[in-house]
Structure formats: C-alpha cells, structure tokens
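> Here's the letter readout for the chains.
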Amino acid sequence: MILNALSISMIFIGLLSALLVIWGGSSSLILYKKWEKSSTQEERAFLEDRSYLVLLIMVIVLLIRLISWPLFYGTLQSFIHDIEGAMCIFGVTQVKPGLTLFLEYLKPINFFFIGGWLVLHSLDRLTKTAPIMGMKLLLLTVLSLLVFIESAGDILLMIGIKPGTLVSCCTTVTDILDRPTRTTPESILGPQYAEYLKILYFVTHLLLIGMVGLVLKLKKLENTFSRRRGVLGFLFFFALINGIVFVLSQIEVFAPLMMHLPFHHCLYCLWQYVPDSILMYLLFILGTFSVGWGFTTDLFGKIGEASDLLPKYLRKIYRFAFLFLLASFVMLIIHLVLDQYVLE
Amino acid sequence: MFSNSKGITLLIFFLTLFLGCKGEREPLPDRCDYDGVKIEKIYAVYFTLKDGKEKKFCSIVCASMSFSELKGKVKEVMVVDEISGKRIKASHAFFVESEVITVPHNKNRIHVFGNREDASRHLKRFKGRWVENPFQ
Numbered sequence: 001m002i003l004n005a006l007s008i009s010m011i012f013i014g015l016l017s018a019l020l021v022i023w024g025g026s027s028s029l030i031l032y033k034k035w036e037k038s039s040t041q042e043e044r045a046f047l048e049d050r051s052y053l054v055l056l057i058m059v060i061v062l063l064i065r066l067i068s069w070p071l072f073y074g075t076l077q078s079f080i081h082d083i084e085g086a087m088c089i090f091g092v093t094q095v096k097p098g099l100t101l102f103l104e105y106l107k108p109i110n111f112f113f114i115g116g117w118l119v120l121h122s123l124d125r126l127t128k129t130a131p132i133m134g135m136k137l138l139l140l141t142v143l144s145l146l147v148f149i150e151s152a153g154d155i156l157l158m159i160g161i162k163p164g165t166l167v168s169c170c171t172t173v174t175d176i177l178d179r180p181t182r183t184t185p186e187s188i189l190g191p192q193y194a195e196y197l198k199i200l201y202f203v204t205h206l207l208l209i210g211m212v213g214l215v216l217k218l219k220k221l222e223n224t225f226s227r228r229r230g231v232l233g234f235l236f237f238f239a240l241i242n243g244i245v246f247v248l249s250q251i252e253v254f255a256p257l258m259m260h261l262p263f264h265h266c267l268y269c270l271w272q273y274v275p276d277s278i279l280m281y282l283l284f285i286l287g288t289f290s291v292g293w294g295f296t297t298d299l300f301g302k303i304g305e306a307s308d309l310l311p312k313y314l315r316k317i318y319r320f321a322f323l324f325l326l327a328s329f330v331m332l333i334i335h336l337v338l339d340q341y342v343l344e
Numbered sequence: 001m002f003s004n005s006k007g008i009t010l011l012i013f014f015l016t017l018f019l020g021c022k023g024e025r026e027p028l029p030d031r032c033d034y035d036g037v038k039i040e041k042i043y044a045v046y047f048t049l050k051d052g053k054e055k056k057f058c059s060i061v062c063a064s065m066s067f068s069e070l071k072g073k074v075k076e077v078m079v080v081d082e083i084s085g086k087r088i089k090a091s092h093a094f095f096v097e098s099e100v101i102t103v104p105h106n107k108n109r110i111h112v113f114g115n116r117e118d119a120s121r122h123l124k125r126f127k128g129r130w131v132e133n134p135f136q
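Protein sequence lines correspond, in order, to chains A and B.
To convert, note that position 140 of the first sequence is 140 in the working numbering; the numbers rise steadily by one, no gaps.
To convert, note that position 11 of the second sequence is 11 in the working numbering; the numbers rise steadily by one, no gaps.
Worth flagging that the hints you see were computed from the coordinates, not collected in a lab.
Heads up, some of the hints might be wrong.
As the list claims (entries may be wrong) - Straight-line alpha carbon distances no greater than 20 Å define the calculated PhoX-like cross-link-like pairs of lysine-lysine that follow:
| # | chain 1 | residue 1 | chain 2 | residue 2 |
| --- | --- | --- | --- | --- |
| 1 | A | 107 | A | 96 |
| 2 | B | 6 | A | 217 |
| 3 | B | 6 | B | 38 |
| 4 | B | 50 | B | 73 |
| 5 | B | 86 | B | 71 |
| 6 | B | 6 | A | 312 |
| 7 | B | 73 | B | 89 |
| 8 | B | 50 | B | 38 |
| 9 | A | 96 | B | 56 |
| 10 | A | 316 | B | 6 |
| 11 | B | 107 | B | 89 |
| 12 | B | 56 | B | 41 |
To be verified - What follows is a set of in silico ranges between Cβ atoms, one per label pair, in the way DEER data are often shown:
| # | chain 1 | residue 1 | chain 2 | residue 2 | range |
| --- | --- | --- | --- | --- | --- |
| 13 | B | 125 | A | 145 | 53 to 63 Å |
| 14 | B | 8 | A | 180 | 56 to 66 Å |
| 15 | A | 63 | B | 52 | 24 to 34 Å |
| 16 | A | 52 | B | 6 | 34 to 44 Å |
| 17 | B | 30 | A | 63 | 18 to 28 Å |
As the list claims (entries may be wrong) - Computed footprint of chain A on chain B; a stretch qualifies when at least three of its residues, placed anywhere within it, have a C-beta under 8 Å from a C-beta of chain A:
| # | stretch |
| --- | --- |
| 18 | 31-44 |
| 19 | 61-68 |
| 20 | 104-116 |
Source: prediction; values computed, not measured.
No residue lacks a Cβ here, since even glycine has one placed at the ideal position from N, Cα and C.
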C-alpha cells in the first residue's frame, strides 16, 4: 500500500461513500416502494419530506463520486515514482491490471449515470409536485449499487498496490505493431488508416456539433415535435460513435503529434507531457455525456409537470454539449496548428 | 443561441486558447525521442539522420523500435559502452542480452560493450547470450 495525501483521500472517500450508499440505496428502495403504493397527495407530501434527507446526502455523495474519477488518475499518477519501471500511469495500472481495468471501465459508466441522475434530480426540483420522484428513487437504488462496487474497488486497489513492484510500461504494449488500435482500423481502412482516421474524426466531430446546433436552432426540443426522443436518441448514438473515433484518432494520430513523439501512442504519457490535454479530454467527455444526459432526461423526465419544463431544460443541456464539444475541438486545432506551423 | 451563457462561452474559449498556446510541449534536452522518458546516458543510443539531425533514445528497445520506422533516414547509429561510458559506432559494438535489466520501464536487457572481453565477462556472470547488432 502506498500512502500519500491522494491515496488516503481515495480510501477515505471510498469508505465514506460505500457506507452512505448502503444506507442511501436501501432507504431510497423503501421510499420508492412506499411512493408507488401511496395514492393521496398528503401521503406523497409526507414521503417527500422523508426523502429530503436521503436525497440531500446522496446528492453530496454522488457529487464527490464525480470528482473521484479525475482523483483516481491523479492518485495513480502520484504512484509512478514508487513503482519500478513505471514512467506514466500505464505502468501503475500494470500492478493490479484486472482490477484497474475494471475500474477504468466502470468509472466513466458511473460518471455518466450519476450525471444523468443529478440532471434529472435538478429538473424535478424545479417542479412543485415532484412528478419524477418515484423514478428518481428507483434509479438511485440501482445507482447506489454501482457506486458501492466502484467505492469497494477503489479501496481494494489502493490497498493492493505495493510499492517497489516491477512492471513494464506503455512502450511495450501501446507501441507494438499488432496493437488493436492499429490493426482494427487498418483492417477496415487499409494501410493509410491514420490519415483516414484523422479525416473521420474531423467529419464526425463537426457533424455532431452541427447536429446539436441544428437541434437547438430548429426548435426540435419542443414538446410539439413528435420525434424528439428519436432525434435525441440518434444524437446520443452518434456521440458514442464519435467517442470511439475520438479515442482511436487520439491514440493513433493526435497524441503522437501533440507529444512530438511520432511513434509513441500512450494517452497517459500525453496527459503527462501535454497537461492541458486533460482539459481537452474533460471538455470532450462533458460534451459527449451532455448529449447523452439530454436523451436520458427526455427518457425519464417526461412525466406530469416536468414535461412542460423539459424543452427549456433540454436547451440548456444541449447548449452545454455544443459549447464543450466546440471548445475541445478548438483546443485540438490550436495544438495541431502550433505544432505544424509555429514550432516546426 | 448563446444569449444566456455568453460569459461561459467567452470564458471557455479564452481558456482553451490560452491553454492551447501555453501547453505546447517544448523540446526536452535529455528525453528519449521515442517515449519521452529521461535518458540515462550510460544506456543511451544516438541516431544521426541524413539531414544532419540527431535523435536520442533511452535504451536499445526504444532505439530499435524507432529504427524500424526511420531506417531509410538513418546515416549512423552510435551506442554507449557500458564500461567506459564512451560513444562508439553500433557496428563496432558487442551486444549481450542477459538477465540484468538496464531500463525498467521497457525491460531492456540488451547491454552494449566496446570490447569482447567485457561483453564475455558480463555474459558469463549474468546468464547472457550474444545478440546481433539490432541496427543493421
């Protein structure tokens, strides 16, 4: 176990959130069952009062869990000097590869669900009759389980990483010729795959920004537009495709360019050598997830009084999506232009 | 479209412009040109390219991975004798792969020697084997 301020924070946050989600998850399940059985306005008002504390504490726990994703990588980064052979986060991930990989997949999933739930919660708070309360409590129960798994995983990982472990780092995995990020696009796009991948990223990203802009401009978020859910679902699906293209193009094309290391394809090294790329990634993730949050809000939030507030609320979400995606794109362009014309 | 969030828009854009400019990586003097890691001079490898530029690497592993990509452009490869620390031509060096790791992050086990006796001694002591010059 490596003890420093970050790992202690991770363990503390993990313990605290694991305990609170057990209580919060079970409470929200009980409240959900009662909510479903309640028929009168008085009963619902009583349950609403009772759920106030549960929701307040769970909102705080979930907000902390959102921060724990970047904190996770910050902590792994802080371990580099204690792991022999690690020159970036990749090396640290090789100490407990199975568990770390599991957490690396779980964290973005949880981030998305937590964000989606918080968006739904804040929509419900704008209403007077809390029409989404039942759905919110049910989703919170499911979310609590996911957060518990993540918190337990964090604690196990922090305890399990032993200082002085000898590992191989990214060079021996991310740069080999038969890496999947090379062979997969190469099998589809041919030997010039890197060039096509670059173009594909620009096309899909600009298309996504354009489509979000069009949805905002053409008032496709109004309740009167019957195919709204279909359009938002398609946008979310397209944002996921764009996400895959983004990751592939970053690994194969843009990260080596930004690092000035043409044969090195490690994203963890990119964060280390070009720290502002972290902000670019954050903007991209928030932009992509905002598109998804718009869809999930429409999916779960179109109930009663909340339906009337939905168009205005969705506009806000998609405005953020538009801004974040555009900002991440601008950052990448600035890097590429500077690399190409100024620093050369 | 952005009447409500003009401030946020401007803030994000100025931030991205500022960081995009500030964050540019400047060339680092003692870093490997393959993976950016700090070079220990005793294990370094140097390529002189046909256009006169020099590329430096932290280990035989990184250098040989780059060599396969840069083969047509490389004019000369220089390696460092582990005993004396002097630069020698790769074609004049002796290469031994042994159980001793020189650069942990890529588990490089290939050692470079300027003369056969030193190489042979290392080979016997650390269960090594002769390997061919990787830069030919």
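> Each hint needs a verdict: does it hold in this structure or not?
Consistency of the hints with the structure:
no.	hint	result
1	A/107 x A/96	holds (16 Å)
2	B/6 x A/217	holds (16 Å)
3	B/6 x B/38	violated (44 Å)
4	B/50 x B/73	holds (6 Å)
5	B/86 x B/71	violated (24 Å)
6	B/6 x A/312	holds (17 Å)
7	B/73 x B/89	holds (17 Å)
8	B/50 x B/38	violated (25 Å)
9	A/96 x B/56	violated (32 Å)
10	A/316 x B/6	holds (13 Å)
11	B/107 x B/89	violated (23 Å)
12	B/56 x B/41	holds (10 Å)
13	B/125 x A/145: 53 to 63 Å	holds (57 Å)
14	B/8 x A/180: 56 to 66 Å	violated (38 Å)
15	A/63 x B/52: 24 to 34 Å	violated (56 Å)
16	A/52 x B/6: 34 to 44 Å	holds (35 Å)
17	B/30 x A/63: 18 to 28 Å	violated (42 Å)
18	31-44	holds (count 5)
19	61-68	holds (count 4)
20	104-116	holds (count 4)
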